[in-house]
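**Student:** Same order as they appear, the protein sequences are chains P and R. The UniProt record's numbering puts the first residue of the first sequence at 1, with every later residue one more than the last. The UniProt record's numbering puts the first residue of the second sequence at 1, with every later residue one more than the last.
Don't take each hint at face value.
For identical chains, the list gives no copy identity; a pair is met inside one copy or between any two copies.
Claimed, not checked - Derived pair list, reagent style BS3-like, types lysine-lysine, alpha-carbon separation capped at 30 angstroms:
| id | residue 1 | residue 2 |
| --- | --- | --- |
| 1 | K664 | K599 |
| 2 | K245 | K311 |
| 3 | K33 | K300 |
| 4 | K216 | K252 |
| 5 | K33 | K527 |
| 6 | K252 | K184 |
| 7 | K267 | K527 |
| 8 | K184 | K223 |
| 9 | K184 | K216 |
| 10 | K252 | K13 |
| 11 | K223 | K267 |
The hints are simulated quantities; they were obtained by calculation from the structure and are not laboratory data.
Protein chains: 2
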Amino acid sequence: MAEPQTTRTPSAKPSMRQMADAIRVLSMDAVEKANSGHPGMPMGMADVATVLFSKYLKFDASRPDWADRDRFILSAGHGSMLLYSLLHLTGYKAVTKEELSNFRQWGSKTAGHPEYGHIPGAETTTGPLGQGLANAVGFAMAERHLNARFGEDLVDHRTWVIAGDGCLMEGVSQEAIGIAGRLKLNRLTVLWDDNDITIDGAVRLSDATDQLARFKASGWAVKAIDGHDEGQIRRALLWATRQDKPTLIACKTKIGRGSATMEGSHKTHGAALGAAEVAATRLGLNWDHAPFDLPDTIEKAWRAVGRRGGKLRKAWEGRLAAHPQADHFTRAMKGDLPAGAFDALDAKIAELVETKPAQATRQSSGAALTELFGRIPEMIGGSADLTGSNNTYVKDTPILDTPDYSGRYVNWGIREHGMAAAMNGMALHGGVIPYGGTFMVFSDYSRPSIRLAALMGIRVVHVLTHDSIGLGEDGPTHQPVEHLAALRAIPNLLVFRPADTVEAFECWKLALEHRTAPSALALSRQKTDAVRVTASDENLCARGAYELRAADGEAKATLFATGTEVPLALKARDTLQAQGVPTRVVSVPCFELFEQQPKAYQDAVIGRGTVRVAVEAAIKQGWERFIGEDGGFVGMSSFGASAPAPRLYEGFGITADAVVEQVKARL
Amino acid sequence: MAEPQTTRTPSAKPSMRQMADAIRVLSMDAVEKANSGHPGMPMGMADVATVLFSKYLKFDASRPDWADRDRFILSAGHGSMLLYSLLHLTGYKAVTKEELSNFRQWGSKTAGHPEYGHIPGAETTTGPLGQGLANAVGFAMAERHLNARFGEDLVDHRTWVIAGDGCLMEGVSQEAIGIAGRLKLNRLTVLWDDNDITIDGAVRLSDATDQLARFKASGWAVKAIDGHDEGQIRRALLWATRQDKPTLIACKTKIGRGSATMEGSHKTHGAALGAAEVAATRLGLNWDHAPFDLPDTIEKAWRAVGRRGGKLRKAWEGRLAAHPQADHFTRAMKGDLPAGAFDALDAKIAELVETKPAQATRQSSGAALTELFGRIPEMIGGSADLTGSNNTYVKDTPILDTPDYSGRYVNWGIREHGMAAAMNGMALHGGVIPYGGTFMVFSDYSRPSIRLAALMGIRVVHVLTHDSIGLGEDGPTHQPVEHLAALRAIPNLLVFRPADTVEAFECWKLALEHRTAPSALALSRQKTDAVRVTASDENLCARGAYELRAADGEAKATLFATGTEVPLALKARDTLQAQGVPTRVVSVPCFELFEQQPKAYQDAVIGRGTVRVAVEAAIKQGWERFIGEDGGFVGMSSFGASAPAPRLYEGFGITADAVVEQVKARL
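For reference, chain P alone in the conformation it holds in the complex (with noise of 0.2 angstroms):
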């Protein structure tokens, strides 16, 4: 663990207080010009981040992609003005004075929540309260699995929050924090801005939870500040570093910090404070600078917090350079793929086509990730409590735990949203490829960290099993009907449905391929045979839908259908070809996929001026760009049930016969 720096600053040195009034005061001056934002929460924090970023957090403004930089995660994201007001005062290039300036407005980089991707120093894309916390964990359970395969000398380094009473009381925390707990992640450190206000008013409206208890029940170092004291953030921050657990500070601090008479006032948090308290509190500050300008001393000591961290850097690209793994370790974090690493399960592909195994596919994910895993090893498996059903677990693999955390799998426990938002989290670190498993239809629970997951554009593979009725006895609290449709409805995110084992192998190659998506896998409990018997060259999964089977004779009905229903919709081709009708069959694996392709490919596909009918085993929305207005479709309108799944799919009428009788209907 590398001392924390002093920092340099020219002889007319500022306090820490006057450098943390610069964050209040920008913070303030963009609300105010926006006329939206948070100025509480910038303001309120101000003092602590201004410490940590200034004595403790490593790194280099001018190397936001250090890859052993510390990270420091705003999960308060409405606080985004303290993070803008930071990353422009230590110097990140991106972050200009306009910038600041432009606050909230259209093409800025400076948008109301912090967005990865879209300014340098976001180390993920926060707002939606607890995601951050939950993302940290897996920031730091990377950094652990990381360091524990290169060593020190490349990976070393601390993850940092910043949370608010919001982040908190959102249940996705616990999950974070009893992951976190059980992992021992000592790199680990959780700013809690303990400011007894929320958006409503105090925090004792709606809750009285000890904190300090809580976290330490779930396995944490805990301790309590005044968070406007410089010593005691300090002290605190120092010990933070020293601990074998994960570390909460309760940070005990008025919201609002400075402003002239609204301090401590709920009516901070997400307003302008106005023109007139504004300009009282530039008085009581003493500042009497225009919006937006700096003093030169105080410029000059960030600027120089902002460098602090260039020698460590540079000792590091030493290290590196010199390290046998380099290459492999610069790989892996820019998110390369290694050589091959699709080697083995193409040539499987060329075997299934001919040994045609009827198995769930879900167990056809499992045999892909036999053929990955051992071929891209930043791929970190886990499931929420479903291995077995999930299919997720590569035989031989040691777990990630502590102490030791070079094993690539992950027991998340029965944390689907922690899972997901820890995913997030491993995947924005780098140098790791996520997936995990639930059953399909806890995807709801999962959901908002799967949207960001999406918003960002980062590479996190859903593997959702038991995916339609099919799963049978559990019910309709266990099957999903809504949620292929809801998933779809994602912008940016990959739903993949495959019908069998050479589709599950695609379209696992095609999750590892894109890197700037998430996907969810959707996998059936139940067995369902072969559909791709014949070779191709190309990964037909990759078009989003193709035709699977050609109609004998010029087509009059083409068919549609996804994952296990794909075998009854040749069923239903067969008998219409048996009694005269040319059918053709079209998988759709990936709609959105299928989206990206050429018009005259999807026309082609899509065969309209034939009787056009799809099937499902859920709901109907969205088929409609298939099978057009008066095409038929065969699928759920309500939820399940519980019983054996055959007789689910016959008392929900989704049949072959139904097909038949749809396309007959419409000849």
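With the hints as your guide, set chain R onto chain P.
**Tutor:** Quick look at chain R alone, frame taken from chain P:
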């Protein structure tokens, strides 16, 4: 508080353990016959449940709907055979031997997980972990509230929960225990099946939380006992009834208790034990009866347990008959609205058509609440810490709080999921009609509970404000884009997006009138013009979609819109009319209600043969139902951005001009 009743049994009184063994054997046998299910939990918790039902639970098996019964909630819903065994043993008429032997089969009442409305005695639908526990908080809140309003003569009961490790690991549990602790819900007791086992193995694989300390931190009274020791169970349950806080009893149990060789193993969790193990277990328990047959003494003893509360129930009925508020109480518990519930609202609608207020639909919703809240005393409002933004608070409403629970507004805190789950519990308890607010994007957080409300068919109203990019500067993390589609995907959920104040009033009325479906109201942050400017005797929103403006001349185009995009469609219509294109505008406040209309009405509204274009500041998915395959759509296809709302509409091309262009391109 009534003293616990002792069981009157015939002379050969079986031991508590023997009675518990009846649960064990029924559970094991039913799972065996179905070859599907979860025997481990019912066997492990049989002793606790037996003591609870025979000594403490206030119920009368002959009257599952007795309003003042204690509520028993099996949060660990996979252990459904525990509940079904208890219902059968205590003499719930509908839960016959045949039903037990048809466990998990098509058409049986004994579904894989307990389903509310499907079998008497299932107070809520459970299975998705954590939900039952969080529902229970709502039950306990409703009880305290009604107790405060109607007095202990009518309302004086407890809520008992059996929860597993999974329930406690799910984040929603933290939200639930936070609310319960804050409100000092001392009629709520959680019996935690502390069996150290999850599906993947030992709990310690994924968790090291000290649950007692955690609950204590949130204001609960806690106690740990041996869950197989009758004396300890009795004393703990008695202790629970005497606390001034909610209570957690950690019941240390062995999963699959009684199983001959598999006791304590996670293998008993989710699969049939197998014929050999079942036979050996029978032998070990000295149980020589055929499956589903019960020895006479045990059957009699259990039936006596089922009758135990009869006397209390009759006494309560006597009190009810004599109570001055008997009619009011009975009506409220039935879920009927008071006479004249909508008089004020209806009168105001007539006014609004004249005054044509231009305001945000969240304000319209608030105005509707002002007209409803006084007339419908069952309504209980609340917000997940966004009261001012959600417009959910009706002036001068006292807060539902400890020690006076008679208030009608809940400060839920930043707990969307816990709020939604507790609202489900409140609705299920009866006597209250809950509504709660948050930003629409955070419906992702509460989605698992919204889904269960839809599955159960209960009246819960979600007030979802800030319903599009129109919220502006907060940016894409807060802007719903896919949420309308995702919510519309849930079967039996009414998703309303009113266009103005009149529509908002109508939609509120529909939400309250629909007793067998939850509703979600999508409401704007931004101001929007009145569009309903002529009087109608009909609630036009009840049609789901209706012609808001006819074309001047024979219609060549139809524009569909919802919410804040309706004025934009009207503007486009004016332009088109001016250019000689007769255009009608259809407002579509509720897809689901439109689907319930007669086909002729649907066809008339849709207007096939005209050029059809829809405009909604959200994704297209689902709109094909209206616009057909070739129709135009003006909306979103990506996440939003951070900027003032007008700039966003312009930037994403959601303008009247774009609508006009889409029409003209198709003429």
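**Student:** Could you run down the list of hints and mark each one as holding or not?
**Tutor:** Hint-by-hint comparison with the structure:
1. K664 / K599: both (28 angstroms within a copy, 22 angstroms between copies)
2. K245 / K311: within (28 angstroms within a copy, 56 angstroms between copies)
3. K33 / K300: within (25 angstroms within a copy, 77 angstroms between copies)
4. K216 / K252: Both: 18 angstroms inside a copy, 22 angstroms across copies.
5. K33 / K527: between (61 angstroms within a copy, 22 angstroms between copies)
6. K252 / K184: both (25 angstroms within a copy, 26 angstroms between copies)
7. K267 / K527: between (58 angstroms within a copy, 22 angstroms between copies)
8. K184 / K223: Answer is both: 17 angstroms inside a copy and 27 angstroms across each meet the 30 angstroms cutoff.
9. K184 / K216: For K184 and K216, the Cα distance is within 30 angstroms both inside one copy (12 angstroms) and across copies (22 angstroms).
10. K252 / K13: Within. Shortest intra-copy distance 27 angstroms satisfies the 30 angstroms Cα cut-off; inter-copy 61 angstroms does not.
11. K223 / K267: within (28 angstroms within a copy, 41 angstroms between copies)
In summary, the structure agrees with every hint in the numbered list given earlier.
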